[in-house]
Each structure stands twice: as structure tokens, then as C-alpha cells.
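J.: Residue strings, one per chain:
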Amino acid sequence: MKAQVLAKPKAFYDKFERKGGTNLETTHYCPGCGHGNIHKILAEAIVDFGIQDRTVLVSPVGCSVFAYYYFDIGNVQAAHGRAPAVATGLKRSNKDSIVISYQGDGDLAAIGGAEILNAANRGENITVIFINNAIYGMTGGQMAPTTMVGQKTKTSPFGRSSENEGHPIRMCEIISTLEAPVYVERTALVDFKSINRTKKVLRKALQNQIDNKGFSFVEILAPCPTGWKMSSVDSQKWIEEKMIPYFPVKVFKDISDDIEPRSIKKKTLTDKEILDVLGLAPSGKADTVDKDFLGKFSEQKMKIAGFGGQGVLTAGVMLAAMAMEENLEVSWLPSYGPEMRGGTANCSVHLSNKRIGSPLTTNPNVLIAMNGPSLDAFEDTVEKDGLIITNSSIVDRKVKRDDVKAIEIPLTEMASKMGMTAVANMICIGAYLELTKVIDTATAKDTIKQHLKKKEFVDINLKAIDEGVKYIRENYS
Amino acid sequence: MAKELIKGNEAVVKGAILAGCSLYFGYPITPASEIAESAASYFPMSGGTFIQAESEVAAINMVYGASSTGSRAMTASSGPGLSLKQEGISYLAGAELPCVIVDVMRAGPGLGNIWPEQSDYNQIVKGGGHGNYKVIVLAPNSAQEMCDFTMLAFDLADKYRNPVIVLTDAYIGQMMEPVEFPNKRKEVPYRDYALYGDKKTRHNLITSILMNTELLEKHNIKLGKKYQEVEENEVKFEAMYTDDAELILMGYGIVSRMLQNVVETLRQEGKKVGLLRPITLFPFPNQKIAELADTADKFLVAELSDGQMINDVRLALNGKKEVHLFNRMGGAVPSVEELLEAARKYI
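Quick mapping for you: the protein sequence lines, in order, are chains A and B.
Each residue of the first sequence is one higher than the last, beginning at 121 in this note's numbering.
Each residue of the second sequence is one higher than the last, beginning at 4 in this note's numbering.
Simulated from the structure, these hints should not be mistaken for lab results.
Watch out, some of these pointers could steer you wrong.
What the hints assert, rightly or not - Per the computed footprint, the stretches of chain A lying under chain B, defined by three or more beta-carbons under 8 Å from a beta-carbon of chain B, are: (1) 158-167; (2) 188-200; (3) 234-243; (4) 357-368; (5) 378-388; (6) 474-484.
Said to hold, decoys possible - In silico EDC-like cross-links for lysine to aspartate or glutamate, where the CA-CA straight-line distance does not exceed 20 Å: (7) K189/B / D391/A; (8) K130/A / E164/A; (9) K275/B / D396/A; (10) K6/B / E164/A.
All figures in this text were calculated on a predicted structure; none of them were measured in a lab.
Cβ atoms here follow ideal geometry from the backbone N, Cα and C, with glycine treated the same way.
So that you can see chain A by itself, here it is in the shape it has in the complex:
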């Protein structure tokens, strides 16, 4: 008598060409294996829900690594344990697709423990089908995290010992403690009744995703006669007698009726909106280059140093921004790594009319020392004929070098008088600009207006620039 082939669901390929070899009608699964049943249940559901075109199945490492041989749907093969992360990427990128993460026990509960827990905890709108057959089937029957105590496998040859390997892990129980999952149920493949229940459960888990309700997790206790070295009949009995008492078959969590579907509306921005979001709206200002100025400019290699809170990093950024407005090449580098010494914060700023090489100032021609330790740390590194500005309110000594230009300004005192010690850095910039004329003060002020985030402080900062200019004019001209 010729074997009768029952009609395949349309979500399966007619012939399993991807499998190769001579037999393109049957699967690679062993007789009595649970995957065949579950594949069929899933394929039927996909057809009945009319989601074949938009369904993507993530197949794991394990016996179901070849699920793509059979399913005529989108297929992605993932690394061991990573299917929930891959599914996350798939779903977040294409919210209209139906994404199924199909995983075995080693894949999901051992090597992929972090991925499944966190995908569940984020409430990814995906469906996870977890086949628990208490063994690593594909690699030849080694112990799984769900292997029963006493169960013999190739890597637990004396039977799993709770002392050495711990107890089987119950994933439904763990997942159902999380807030986000919508639906968590464990079923088994032992008889028609339980297979029918599995059909219903799988459909519900898919329906939740179709309705944009969130994360559904279905664990199926399934036989592996080959791995267990049992007949199919004995395997079913073993599930009933050994597995179900430890892995109860039931609904662990179901809030699908209480959940409002999430909105999956996409936001598509125009180019202009994108540029606005990125803060890159073109200024519309024409680049006017003062070639004469640029040509005569000599490179400023600056070190600005002081206590944290004195605004040395901000001063550096402001100077760089001002110079950028003058079409100079600029770089700003915060104190970093071995450069951090003496308990000071500092930054390197280079302003140049040529392409800048090293952004790290080791031999500055300008040193701004806002406190004593900064002067101690960097005085010796300043180039001959360089400029040192010290904050004489705090620095209690003179500059020792006689081959540099030393300028003392009571920055903190002056800033206090203005009612805001934080503007000491801007007074210093004003003084520096007056001393060197590297940047026009009008440009400097425009830059402050543009770059200062707290607009209420613009005026006092502009005034600080003027104070710095005035101090130099009155004391050093």
C-alpha cells in the first residue's frame, strides 16, 4: 500500500529544495520528534491568519536550525542563543512584520539566557516558541538546562546531579514574573488533547503580535526519542510522568485582554526637519574670508587650566568657536588620560590658519593658569616668548620665567564684583583677545550669543569680555 501524504499547509514549500539530497518530501527530523508537529501547527496558523508574506521566522542553533528548509516565509538564521536579539532588530526595523523566535532549550535557557530575559522584559512585540525537550538534540544528546535530575545524557552519563549541575530551569515561571510579557503558557505534546491545546496557545501567541499587544511566550514540552533513547510511545509517557510534574502545563500569565494595542505609527521626517533636529540648519551666512588676517595669523597653541568649576573647558570651547567664526582652523581637546595631573582640569586649544597637526598641546605658546597648581604644572612647558596669563586672585606667586610675557589679572575678584564668579573665564578671554588681537571682539560677542545655552547669562558674559579688554587697556598698554 502506498503511503498517503496528507496535504501540506501552504506556508510550507511543496518540495524542500533547500534541504538538498534526493528526498525532498520529508523533513530532516527524526521519527517521533516534536518539531514536525509544531512546524505543522505553526504553518497552519500562518496560513489561517493570512500573514504568510509578512512573517519572518528566526531559526536558532539546534535541530530547528534548518526550519528554513520547510517554511515558505521570510527566514533568518541566528547565532546560538541570539534569536531574541535578532528578532528585536527585525521587529524594531519593520513593525508590520510578524516575527517568530523559534528556540530550543539549550539555545534559549542556557547560552541565550540574557537575550530571552531582556527581550521579554522590554516587551518586544514578538512571539517566542520555546521547544523544551530536556536535551541538546542536534549536537548528539548532551545535557540541557532543562534536563531532569537523574536523566542520563552524553554529558551527564551518571544522570544529572542537582549538586553538580543544579536543577532544571523553569523558563515560564521566570518569564511570567516580569511586568512586560503579555502571555506566558506551557503546553505539552503527549496526546490529541494536548496537541489541540498547543494549537490554540500558538494561535493566541501569534494573535497577540498581530494585534500589537506585545511579548508572548509559549513553552512546549516535546519528545526527543532519539536523544532520550526511547520509543515514541515511551517518550510521550516520559513527558507525562517525569516532565509535567516538574514543568506544570498551564497558563502562567495572560493579560492580553487588558492590554491596549500599541501604536506603530511611523514618523518620517523631511530633510529640513532632520537638519533641525540635528541642530544643523544652514546659517545662510556667507563665508567671508579675510585673507590678509589669515595670512598673518600665527598658530596659537593654548593650554587653559584651573580647578574644576572655573569654566576652563567652556572657555576653550568658546575660543575655538570664536576662531571658527573667523574661518580659522581650530581644535579643542579636554584633559584626558596621562594629561590629567596636579588635580587640575585643562584643555588644549589650537587656532591656526593652516591644517592643525597634533591637537594635544605639550609646549603651549599661550598658558592660561586659573589657579596655582596649573601654573606649577605648566609654566615650564611654555615656549620662549610665549604668553602666560595668571588669575592673581588665586595664584599667590609670580611667574618665574623671564623669557615669556606674564600678565596678572585678578579674575575671580573682578568676576565677584560683577556678581558672578563663573564669568572669570570670559573676563580672561576678553583680556586674551585684547592682548593678541587674534579674534575680533565683535565676532567673539556674536559667538557667545550664538553658543551660550543659558540665554539669561548672555549679557553678563558679554560684559565680562568688555571688562577683560578694559583691564588690559588700563594696566598693560
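Chain A is fixed; fit chain B onto it per the hints.
T.: Leaving out everything else, chain B in the frame of chain A:
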């Protein structure tokens, strides 16, 4: 064109969005966290997706999933994170999926420290994962290039269906420089092999498993041909004063910025010194080095590692000329003066 004074790490994010990248998956690590932090604001604001993954491993696998759907996706990390991502990078290369990964190098091995090193060269350029594969590696040395090369990386990734890594360091990432951004977002090309969740692409399969030995050998040969094509078409380098140079200095990333000063100083003194900066580390400028071997006498390679890129220079020179190493490690970055002194030894 909009010009902004911006940190290299932030320029990566803005460049990526303008390159049409719509998904960022990351994990915090110093000194790359600024990329994730910036992405966490700008991706959602521009209609994209940002997810802080549970691990570096998960992040790269999320990129794998997103890339499978035809979207441009990226992740960024530093050395220890890249070690973890290597599994995923091998799968992406095997499945021929495009993506962009940024490695802001820190010092190792192990936890090492958070200061700059260039000791990821081997694990990135030589492929740190399993199997026969290569990734295209771009090495920026300015904030502008952090933006430009991130954008270029997405195009190269799509052109060759392969991961592209922007290999940079803590200095380039932290530094602020003016960056000119394009004023238009790029169109993401259609990928006929991707899964768009429709009838047309339903039969597509994204996988790296090929159980048939002949088929897997063929696949490897095909990948090899692709990498050869990359070597023929995509080599980028910058040469300064190399034509008549007797001593060629070589370095990439932050080191090349210091070497620029070294060469300029020595040229002012009339010394015949040139600088060759590899911009693509794979493909490596082998041919240019071989050409320079005919005109120059000596090569000095400066690296923030125990000497990793120097091995590629040696291969390209094939014993023709002497090659020396100047290196610092552990986060120490040489000053221009230190490098000048090192160079003078070979003049």
C-alpha cells in the same frame, strides 16, 4: 552645508543619521559611551530607533536582525565590547549583511584602562571572529572624518554587503573640531536580498550555515573574490612629502596628527622626511608602500600598541627596506617632541 564645532563621537551620530541609518543598538562603555548617549537623543528625534541592549553580544545581533530587513543599522563600542561583538561580526560577514560598527579604542588587554591605544588593530583588521572573512576598516584622524567616514562606511557596507568598522581612538572621539555636514539625508538603497516583510522578498533567506562542503567552499571563494575587489578599488591613504623622502613615517588615527607636525618640522630643517597615513587599514595601501620602497631608504612606524600595523608594513615591504617601530602603550600618547626625537635617529 552646516558647520558645527563638535566632538568626534557626536559627529559619528549625526553623520550616521544623514547616511540614512535609522537604528542604533548599543551598550555603554568608556570611551565610546558618548556615541550611545548622543544616539539615544538624535535617533528617536529623527524618527529612528535607539535601544540600549543587554550586552554587546545582543547589540550586534540586533544590528544583524535590523540589517536583514534592509535598514541601515549600527553599533559602537570600545575594545572589550568589540571582543564580544566578534561572534556577531562573523555571522554578519558570513550572511553578507551590511552594517557599520565604530570602535573607539582604549588600552588593554583585559580591562586595561580607558585611555587611548591602537591595540585593537589585530582584532579588527585581521578579523577577530571565526572563519575566513574580512571587514573593511576606516581610520579617521579628525572630527570631520568621523562624520565623513561613518557616512562612507554605510555606502561601502551596502556596496560590498559586508560589515565596515570605523576604527578610532579616545582622542579623536573626545576632540572638538569644526565639521561640515551635508544638508540632505542619503537615500538607503534597496536590498533585493533583504526581508521587507512582503510577497516579493518572502523567499529570501538570511543565513551563514551551508552544510554542503562544496557549497561552503564556494561561498568562501566568493567572499575571497569580494575582498580582492575591495583591495583593488577601495584603498585610501594620505601621503605628505613622500615623493623625495628618504625616511617615511607611518601612523594612523591620532598618531598621524602628531606625525604631521614632525614631518613639517623636519622639512623646515631641510630633512627629506615624508608621511604615509593609511586611511583604509583593510584594504591596506600595500602598493603605495611597495612603490615607496623603491624611492625611500627607511620606514618608521609609530603606533599606540605593541607593534601591530607594522607587520602589514613589513609584508608590503617584503624585506626590501628596513622598518622600525616607535610605540607607546597603556594609554600614553607620545608628544610631537618625542616623535621628533625618534625620527631623528633614522635620518
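J.: Give a verdict on every hint.
T.: Going through the hints against the structure:
As drawn, the segment 158-167 of chain A meets chain B at 0 residues by the rule of a beta-carbon pair under 8 Å; below three, the given contact is violated. Interface restraint, the segment 188-200 of chain A with chain B: holds (9 residues with C-beta to C-beta distance below 8 Å; minimum three). Using a Cβ-Cβ cut-off of 8 Å, 5 residues of the segment 234-243 of chain A lie near chain B, which meets the minimum of three, so the contact claim holds. With 0 residues carrying a beta carbon less than 8 Å from a beta carbon of chain B, the segment 357-368 of chain A misses the three-residue requirement, and the given coverage is violated.
For a cut-off of 8 Å, the count of residues in the segment 378-388 of chain A with a CB near a CB of chain B stands at 3, and the three-residue condition holds. Three residues within the 8 Å Cβ limit are the bar, and the segment 474-484 of chain A against chain B gives 8, so the coverage statement holds. For the proposed pair K189/B and D391/A, the alpha carbon gap of about 9 Å is at most 20 Å, so the pair holds. At most 20 Å may separate the alpha-carbon atoms for a hinted pair to count; K130/A and E164/A meet this at roughly 8 Å.
Of the supplied pair hints, the one linking K275/B and D396/A is violated, its CA atoms being roughly 49 Å apart against a limit of 20 Å. Among the hinted pairs, K6/B with E164/A is inconsistent with the structure: their alpha-carbon atoms are about 57 Å apart, more than 20 Å.
Hints 1, 4, 9, 10 from the earlier list are contradicted by this structure; the remaining hints agree with it.
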